[in-house]
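J.: Using the sequences and the hints given, assemble the complete structure.
What follows is the residue order along each chain.
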Amino acid sequence: MKRGFLLMAAAGLLFAGCKSDKVVINVYNWGEYISDGTDGTLNVNKKFTEETGIKVNYTTFASNEEMYAKIKSNAADYDVIIPSDYMIGRMIEEGMLEKLNFENIPNASKIDSRFVKREYDPTGEYSVPYTWGTVGIIYNTKKVNEPVDSWNILWDEKYEDNILMFNNSRDAFAIACKKLGYSLNTTKKEELLAAAEELKKQKEVIQAYVMDEIFDKMQNGEAALAPYYAGDAITMIDGNPDLAFSVPKEGSNVFIDAMCIPKGSENKEAAEKYINFLCRTDIAKANIEFLGYSTPQTEVLEQLDEEIRNNPIIYPPQEVLDRCETMLSLPREAAQEMENLWIRVKL
Amino acid sequence: MTRVKALAAPYLLWVVLFTVIPCSLVVYFAFTNENGGFTLANFRDVPFYAPVFLKSLYLSLIATVICFLIAYPMGLILMKADLNAQRTVIMLVMLPMWMNFLLRTYAWMTLLENEGLINHFLELFGIGPFRMINTQGAVVLGMVYNYLPFMILPIYSVMVKINPALIEAAQDLGAGSLKVVSKIIFPLSIPGVVSGIIMVFVPSISTFIISRMLGGGSNMLIGDLIEMQFIGSVYNPYVGSAISLILMAVVFVCMGIINRFGGEKEGTLL
Chain A
2 MKRGFLLMAA AGLLFAGCKS DKVVINVYNW GEYISDGTDG TLNVNKKFTE
52 ETGIKVNYTT FASNEEMYAK IKSNAADYDV IIPSDYMIGR MIEEGMLEKL
102 NFENIPNASK IDSRFVKREY DPTGEYSVPY TWGTVGIIYN TKKVNEPVDS
152 WNILWDEKYE DNILMFNNSR DAFAIACKKL GYSLNTTKKE ELLAAAEELK
202 KQKEVIQAYV MDEIFDKMQN GEAALAPYYA GDAITMIDGN PDLAFSVPKE
252 GSNVFIDAMC IPKGSENKEA AEKYINFLCR TDIAKANIEF LGYSTPQTEV
302 LEQLDEEIRN NPIIYPPQEV LDRCETMLSL PREAAQEMEN LWIRVKL
Chain B
5 MTRVKALAAP YLLWVVLFTV IPCSLVVYFA FTNENGGFTL ANFRDVPFYA
55 PVFLKSLYLS LIATVICFLI AYPMGLILMK ADLNAQRTVI MLVMLPMWMN
105 FLLRTYAWMT LLENEGLINH FLELFGIGPF RMINTQGAVV LGMVYNYLPF
155 MILPIYSVMV KINPALIEAA QDLGAGSLKV VSKIIFPLSI PGVVSGIIMV
205 FVPSISTFII SRMLGGGSNM LIGDLIEMQF IGSVYNPYVG SAISLILMAV
255 VFVCMGIINR FGGEKEGTLL
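One line per chain: the protein sequences are A and B, in this order. Numbers given in this note's numbering equal positions in the first sequence, counted from 1, plus 1. Numbers given in this note's numbering equal positions in the second sequence, counted from 1, plus 4.
Keep in mind that the hints were calculated from the coordinates and are not lab data. Keep in mind that the hints are not guaranteed to be accurate.
What the hints assert, rightly or not - The calculated DSSO-like cross-link candidates involving lysine-lysine, where the alpha carbons are at most 27 angstroms apart (straight line), are:
1) A:Lys201 to B:Lys59
2) A:Lys269 to A:Lys118
3) B:Lys187 to B:Lys84
4) A:Lys204 to A:Lys180
5) A:Lys48 to A:Lys204
6) A:Lys286 to A:Lys118
7) B:Lys84 to A:Lys202
8) A:Lys100 to A:Lys264
9) B:Lys187 to A:Lys204
As the structure is a prediction and not an experimental result, all values here were calculated from the model.
T.: This is the structure:
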C-alpha cells in the first residue's frame, strides 16, 4: 500500500517534470459554469488542452465578491476570469484588468453587437461576453394559483414563510428598487433608505435568505416563490415540472458574464487563445447546451434546437429585455451605505 | 538541551507561520485605513453590531450548556462501563467526525425542512408540520451536534483516569452516590470540563456556516458579519479585521473566566 503510494508519488514527480515546460493557464470561473464532460457532454477544458497543449488549471468561485477579494488581496494569479457586468466595471475602474488583444481572439466578432460595449465596459476592450440571462421569479404552480407578474408577490402575506430571498445586499436591493420603480443602480440615499424599508417589511414573510440553496429548496417544494436566474430556472423546471418562471413587469436585472484577463497574467497570449476557443461556435454551442443559460453569439443561437431557441425563459422577447437593466459598479459610498442598511435589515 | 530545542523547531516554525503572523496581520489591518495609515475608525461601527455579538454569545452559551448536560452524564456512565463498551461508545462519538462538516450540516437541512424527513415522518401520525429550520433553535442544534464530541472526549479522558480507590474510600466513609459525584468526581474532572467548554464555546461563537445553513440567513452571527466584510458587496478587510479582533478579545475574556474558575477549584482541592 505504502509502496504503491510512493510509486505513484514518484510517477507524479516524473509527470510533473515532463510537463514543466508546458504552458499552464489558471482559469477562475463560477461553480458549475462550464461543460465538464458529465453525462457524455463535451469536456471543454480537456478539449482545449488536446488541441493546444496548454494545460488548464481550473478553479471556481461562488460569488463575484469572493473572486474580487481573492484577486484584490493578491492571493493567487489568474489568467482568465469570468465575472459579471458590474464587477467587470469595478475592476476596470480600479485598473485590475488587462486590455485584450483582439487579434488573438478573432472569434469575438461572432458576439451579437447587442452584448458588447455595454455600460460596464463601454469601449469593449476588456471583456468578451460568455453568457447572459435575466433574473426573475421562480415559483411552484402547485402553491401559487395566480399569475406571477410583479415583484409584489414576494411581499405577499399569503405566502408567509414560503418565500426565499437573495442573501446579498446588491441583489436584494435590486429587487426592492425595481419594486419601487427605481433604477437598480440608484445611488440616491433616500431611494436606498426606501428600499431598505421595503426589505424590512419583506423580512416578516421570508422563510430564509439564501443563494445557491434556492436551487434545491425550490426543486424539493420547500418554498413557493424565490428570485433566481433564468438559466438555472430551466434546469430546475426540468427537475420539477411544477415550477415556472416569470420576469416581473416592473423590470428586472439582465446580467452578462464575460471573460477577462486580470492584470499580472503571465500567459496573456495563452489566455486569449482560451477565450477565443470558448467563443468558437462548436465549443460555445456545446457549452451553452450544458449550461442552460443564454448565448450572446448569433451563430450559436441559430444552431440551437428550436425548442431552446424559442423558449421565452432563456431568450425572452425584446420587450421584456427593454424593461431590464444591467448592474453597474456602484461608487464606494453607495455600496457601503447599501451594505450597512442590509445589515440593519437582517439584525 | 539543544537537542530538545531542535526538536521544538518544527512546532515553533508552525506557530510563527500560522498563529503569530496571521494574528499580527489581523491586529495590523484592524488599525489601518485604506491608504495604509493608522486609524481607529474601523472600530467606530462596532457598537452598531452589538446585537450580533450578543446573539452569538447567547446562542453559543446555550449550545455549550447543552453539550455539557449531555456529555457529563455520559462521562459518568462510560467511566463505570467495561472497556469494550467504552471503546464502542467513543468510536460512535467520533464516527460522525469522519464525515465532512458541511455535509453533516446539509444533512440537518434535509431533516429539519418544512418538507423535510422529520416533518414527513410526523405527518404519518397526523402531527405537525413544525417549523424547525431557519430558527435559533436549529442554529443551536447545529452547534450542539457538530461540537458535542469535543465536550465528550476531554471529559471522558479525564474521568477514566480518576483513581477508583478515591471513590471507594468516599463510599466507605458513607458518601451517597450524589455526594461522590459532587465532592469527588466533579472536582477531579474539572480540567476536562474546562477544556470541553472551551472547545465547544470557541468554535460556536465564531461559526458562520451553521447559522447561514440552519438559521436561514436572518440569524446573523459574528462569523457571518466578518465574512460579509470580506466577500460581501464592499470589500473591507480593515473593518473585518477590527471585528475579528474584538471577537478574539471576547473569546479571550471568556476563556480567562473559565480558566480562573477551573484553577481555583483545583487549588482548593490541592
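J.: A separate judgement is required for each hint: does it hold in the structure or not?
T.: To see whether the hints hold, each was checked on the structure:
no.	hint	in the structure
1	A:Lys201 to B:Lys59	19 angstroms, holds
2	A:Lys269 to A:Lys118	21 angstroms, holds
3	B:Lys187 to B:Lys84	17 angstroms, holds
4	A:Lys204 to A:Lys180	15 angstroms, holds
5	A:Lys48 to A:Lys204	47 angstroms, violated
6	A:Lys286 to A:Lys118	23 angstroms, holds
7	B:Lys84 to A:Lys202	56 angstroms, violated
8	A:Lys100 to A:Lys264	9 angstroms, holds
9	B:Lys187 to A:Lys204	51 angstroms, violated
Hint compliance for this structure: hints 5, 7, 9 are not met, and every other hint is.
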